[in-house]
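We have chain F already, so just place chain L on it with the hints.
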Amino acid sequence: EPEVTQTPSHQVTQMGQEVILRCVPISNHLYFYWYRQILGQKVEFLVSFYNNEISEKSEIFDDQFSVERPDGSNFTLKIRSTKLEDSAMYFCASRTSKTGELFFGEGSRLTVL
Amino acid sequence: DQQVKQNSPSLSVQEGRISILNCDYTNSMFDYFLWYKKYPAEGPTFLISISSIKDKNEDGRFTVFLNKSAKHLSLHIVPSQPGDSAVYFCAARKAGGTSYGKLTFGQGTILTVHP
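If you're matching them up, the sequences are chains F and L in order. So the first sequence is numbered by our numbering: it starts at 1 and just counts up by one. So the second sequence is numbered by our numbering: it starts at 1 and just counts up by one.
So that you can see chain F by itself, here it is in the shape it has in the complex:
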């Protein structure tokens, strides 16, 4: 069964460092998303991406965050200067159509020290 894959599974970084989380969505999917879950809290929407541009973003997704789809297969989330509060599990998700089911990856755990 096709799946969304994410790398790395766990990354530890120092505060202030840049981090790039990578995702390979399911191949025929057109809509891409990042969500995150801080330990003990809800899964929260960060950003949606379609047709090579951001279609919606949450308040969390400030100027420190960016997304891109550089090569037609990878979908990346960059955090320019990490803060302690960015420590969370980051989930990539994709869907084939506007109203189709969301498929989530296994997540990338980011620990900021």
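A few of these clues could be false.
[Unchecked claim] No farther apart than 27 Å at their CA atoms in a straight line, the calculated lysine-lysine pairs in the DSS-like style are these: (1) Lys68/L <-> Lys56/L; (2) Lys56/L <-> Lys71/L; (3) Lys5/L <-> Lys57/F; (4) Lys54/L <-> Lys71/L; (5) Lys5/L <-> Lys54/L; (6) Lys71/L <-> Lys57/F; (7) Lys68/L <-> Lys5/L; (8) Lys94/L <-> Lys57/F; (9) Lys71/L <-> Lys5/L.
Worth flagging that the hints you see were computed from the coordinates, not collected in a lab.
Just chain L, lined up with the frame of chain F:
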């Protein structure tokens, strides 16, 4: 953000019995509701959904009920199996525009099914 609430952090059920997981929402703009299941070290997996024009949707052992007037939905699992033990998230979305992929999640309920 308390737009979607799952007030029971955990539920313990005997194998073969019914599991009922509850979810409340406050935003009347939500028109589509989903349940996701999550095992440790995995991402959420879609389980079942319901549109606001329906009050029930069934898929095998899983049934979701929606009470719009009470802004309440529930997931019934019958019969429960030990493999159902996981965290269950209720999620909701608003119709239209770019919002289809923007889900608002509840806190999750840990379901434990004992053999």
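So which hints don't hold here, by number, going up?
-> Structure breaks no hint.
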